[in-house]
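Engineer: Residue numbers (my numbering), protein chains in the order written: chain H, 1 to 729; chain V, 1001 to 1185.
Just so you know, the hints here were simulated from the structure itself, not pulled from any lab data.
This one's a predicted model, so the numbers in the text were calculated from it and none came from an experiment.
Take the hints with a grain of salt, since some may be wrong.
Unchecked claim - With a straight-line cut-off of 16 Å between C-alpha atoms, the simulated EDC-like cross-links for lysine to aspartate or glutamate are:
#1 V/K1106 to H/D67
#2 V/K1106 to H/E497
#3 H/K71 to V/E1089
#4 H/K35 to V/E1104
#5 V/K1014 to H/E124
#6 H/K727 to H/D654
#7 V/K1071 to H/D629
Each chain is listed here by its residues.
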Amino acid sequence: MKKEHEITRRTFLKGSAAAGLLAGIGGATLSDFSKATARAEGETQEFFNACPRNCYDTCSIITTVQDGVIKHVRGNPNSTYTNGRLCVKGYNYPRRVYSPDRIKYPMRQSAKGSGQWEQITWDEAFTIIAEKILEIKNKYGNTLPICLNKYSGNFNVLTYGIEGMMSSIGHTTRCQGTPCWPAGIDSQNFDMGAILNADPESMLKSKMIIVWGANPAWCSVHSMHIIQKAKENGAKVVFIDPIMTASASKADQFIEIKSSTDGALALGMCRYILDHKLQDDAWMEENSIGHEEFVDYVKKNITVEWASEKTGVPVQVIENLAYEYATMEPASIWIGYGMQRHTNGGANVRCIDALAALCGNVGKMGAGANYAQLDSWLFNYAAMTGNGANTDNVEADRNININNFGADLLSLTDPPVEMLWVACRNPMGQDPETGVVRKAYESCDLVVTVDQFFNESCNMSDIVLPCCTIFETWGLHASYWHYWYHGNQPAIAQMYESKTDVEIAMGLSEKLNSLQAGSCTYPTDRTMEEWCAMEMTDGAKELFGFKDWKEIFEKGTAKVTGYEAAWSDGQFRTPSGKYEFYSEQAAAMGNHLLPVYREADETKTDEYNVRLITPHWKYGLHSQFQNLDWMQDIHNEPFVEIHPQMAKDRGIEDGDAVRVENEIGYLVVKAKLTQNVPRDEAVIYEAWYKDNPFNVNYVVKAIPADMGVFATGQPGVSFHDSFVSIKKA
Amino acid sequence: MMLLQKYYQGYLCKYADLQWDRLIEALGKEDTDGFTTLAKGYEALAHTSPRNRREMMYEFNRLFVGPDAPKAPPYEACYRNPERTLMQEETLAVRAFYRKAGLEIKNINTQPDDFIAFELEFLLGMLEDGSGEKKAYAEEFLREHLLVWTFDHVREIRDNTKQPVILSMATILQGISEALKEGLA
Ligand code: SF4
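This is chain H alone, in the form it adopts within the complex (with noise of 0.2 Å):
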C-alpha cells in the first residue's frame, strides 16, 4: 500500500543522520515507557483528604481515584459539619491538581520579573539556596539575614516544614503576627483568656442568632446552612453589617451599620437591657469581675441616642433588638473578622462580648459570644520544631511585622535581609502596600517562593519551587472554627516534580549538610507519613478512642468534644479565672480597662473621602482558585461596587471604568452599582486574577489595629479603613 510505504520511508521520521546525533542525548526510543501493567478495569478507589485553606469550614473531602487519576471530589458525610458537601472552591479542586498551569518544575529566573526562566533540577535549586545560607552564616556570623514570609495558604501541619527547617539552621527574620484576625482574639484573650467559640453546629439549639460582620454564604457555607436550618426551627436571625451581603439577605432581619461603629451597637444595646433590667446579673455575680464598673460606664456614657447616632441604626432597632437579645434565650452572636478590620476593631469586639456577658450568654448551650478557637489544634508540631544548629553568635529569632512585612523589612540594617523564603503565602497580591513590598522583594538577593500557581509574588522571585496539592501527600487537619479533625492521605501519585514542604526541607539539609557538615538538624530519614504520625497528640488520641494514629483513616475525621458550649465550666483563662469586664491585662497593652467605645482613627482627608471595604470574594479565597479554569467561566473581572446615589454624584454609570485612588496608589476598575452598599463607602472584593494586574491593594494602607499584639505578636491590620477618591477614569 502506497500509504505505509510513504510513513516509513522517510528517513526524518524514523531514522537519519540528525536523529543519530540526537539518539545520545536523553533515553533511547520508549525509554520512557514500559511494559503496560495488567489492571483491573474500571475499579475505583477512595481516600481522604481535608481542604487545607484559610476557611472557616476546613472540609473533610473524599477523593474518588481510577487508575491513579482523580474522578470527583465530594465532602465527607462522616463530619456532621461537612456533612457530604463542599462549598464551589471545594468542588474546583481536580481542576487545581490538573491545570496545565501548575508550577511544574523548579525553576530560576535570570532577574527578578524579567520573565526569564529556566528549569533547573531539585538538586541544582537545594545548591544555589544552601549556598547562599552558608555565605550568609560566613559573612554575618548568623542567618538573621534569611527571612521566612509563610502564612496560611495551607493549614495542613506538615506544612509547618518550613518554619522547622530555618530553625534547624540557627536563628532568622520571621514575618510574625497574622493578617486576618488579630484585634479579635485580644479582645477574646482580655475578657475571656482565650478564643473560644461554641461548636457551631449548636447554632441548631439557639433562639436567636445574630451575625456580626461575617459573610457565610459565601465564607463558610456549612455554616450558613446550620444557620438556614436554625431559621427554619424557629430561631431569629439577624445579620449586621454595612453591606446587605448574600448572607444578610436571607436573614429575618438585615441592620445596616455604619462601619467600624459596632461597638457602639453593642453598648447601646447594653443601655436599653440596663434600663429594662434585663441582664443577667447572678450569672455576672457568680461568673465574671468588673460588671460593676461596666454598668456603671454603660449608665453614664452610653444612651440609646448615642448609639443611633453613631451606627445609623434607629433607636427602635436597637431597642428591639436589645429586648429581643435579652428575652431570646439562648441566643448566639457571630463575631465575623470583617468587623475587627479597623482601627477600633478590638474595642467594638470587646464590646460585643460584655453585650453577651451582660446577658449570661456565655457558656450556656446555643449561646455565646462566637469568634474563634484554636483548642481543636491537637499537635505536636513536629515537622515545625528545630533544633538550631547553635553554632550562631545571636540568642534568638528577629521578628518583623507580618502585616507591614515591606517596610520592617526595608528597615532592617543590622544585619539586613538577603535571602527570603515565601510559602503559603503571596505578599504581592496580598499585602497592603504592594509598592512598598514589590520595594522589599527588589531589596533581597535571593528570593525563594514555593508554591502551586505562578502569581506576582513568583514574579518578583529568583526561585520558584512546585509544591504538592493536598492530594499528593500526608497531613493532619483541624479548624479554627468547627471542632472536626481530619486526615490527610495521598490519593495520587506528587504529580511532575512537586514536593512538600517538608520534603524540600528535608532536601535542603541534606544538601546543607554535604556541603557542610553539621550546618543543618532538620532530620532527613523520615517519610512524609512517619512526619504525619508524629503529629498526633496523644491527648488527641485517647480523645478520639485511638490506638493508633492512623485510625483517623476510619472516617477521614474525627470531632473534639466538649465544646457544644463554650466556657460552660466557667472556668475562663483569665487571671481571675473569671469573664474580665476589667481587664488589667488590657490596660497593660495600652486599652482601656473596660470594654468602652473607641472612635476609629479615619485617615479621611476632604479629597480621599470615601472608605473603602475589601472583603473576601466568593469564588476565590484571597489568591486561591479564582484562577481556576471554571471559576474563570463564572466570574472573570473584578470590579468596585458603589452605591447609585455615590454614582450619580460622580457621573459614573453601571459598566463605567473608575479610577480609585489615595496617597499610596491607583486602580481603575469596572464599577458595579448596586444598592447593597453604603452610600458613601465603596466595596472592592480581594481577589488575583490570572492575567489581570488587578490588585486592590495598591490603595490598601497598612494601618494597625488597636489590638493584636497581645496574642498574636503584632496589631492586626485595618483592611477597612483606607480612604479613596472615586472618579470617573
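Given the coordinates of chain H, assemble chain V with the ligand onto it according to the supplied hints.
Structural biologist: Using the frame of chain H, we list chain V with the ligand on its own:
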C-alpha cells in the same frame, strides 16, 4: 521526529553551539523532497543565529513549561478538552492507546500521558519497530491523536512568539504533521 521529541523534552534548551551546527548540517541532508513546509522549517532553523539558539530556552519555558501558565501547553488535552484540563478523558484515551500497544509511560500519573514528547516517542517506537501490527498502531495513533491537535498547537505557538528557533521548530512540527497526514491519505 526524534528532533521534535528531544526538543519538547527540553534537551535542546542547553545545546552547545557546536552541537547545533552539527545538527543543522545533518538536517540539511535529510530527504525533504516534496515536503515544502518541512524543508522551509529546516531552512529557517539553519538561518537562526547562535544567539537565537542560546536564548531559545526562556521562550521555550514561557510557551511550554512555566512557571507562569504556559502560553502553548504541549499536551493533547489542552487542544481537545473544552476546558483545557489535563488527565480527563482526552488524556486517558491516549493512555488507553499506549496500553493497547502493550505500553504505558513510566511513573504513570506523575506526568500527563498526552505530553507531546511522549506521543512522539510512542509513534517513533511504533515506526522503528516496523512490524505490520506496530505500523497499524502508528497510523491509528496519528489519526486519532497526534494529527488531531498538532496543527492547533503550531497555530498557538505562532500566535504567541516571535522567537526564530521556536518558530522554526513549529514549522518543522507542521511540516512533519503534513507529511504524516499525506502519508495517511
Ligand atoms: S474552601 Fe472552605 S468550604 Fe470550600 S471546600 Fe475548602 S474548607 Fe470547604
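Engineer: Please go over all the hints and tell whether each is borne out by the structure.
Structural biologist: Okay, the hints, checked on the actual structure:
1. As the CA atoms of V/K1106 and H/D67 are separated by approximately 14 Å, the hinted pair is consistent with the 16 Å bound.
2. Among the hinted pairs, V/K1106 with H/E497 is consistent with the structure: their alpha-carbon atoms are about 14 Å apart, no more than 16 Å.
3. A C-alpha spacing of about 10 Å is found between H/K71 and V/E1089, which places the hinted pair at or below 16 Å, so the restraint holds.
4. Distance restraint check for H/K35 and V/E1104: the Cα-Cα separation of roughly 6 Å lies within the 16 Å cut-off, and the hinted pair is therefore satisfied.
5. A threshold of 16 Å between alpha carbons decides the hint, and for V/K1014 with H/E124 the separation of about 15 Å falls inside it, so the pair holds.
6. The straight-line distance between the Cα atoms of H/K727 and H/D654 is roughly 13 Å, inside the 16 Å bound, and the hint therefore holds.
7. With a C-alpha separation of about 15 Å, the suggested pairing of V/K1071 with H/D629 holds against the 16 Å cut-off.
Checked against the numbered hints above, the structure breaks none of them.
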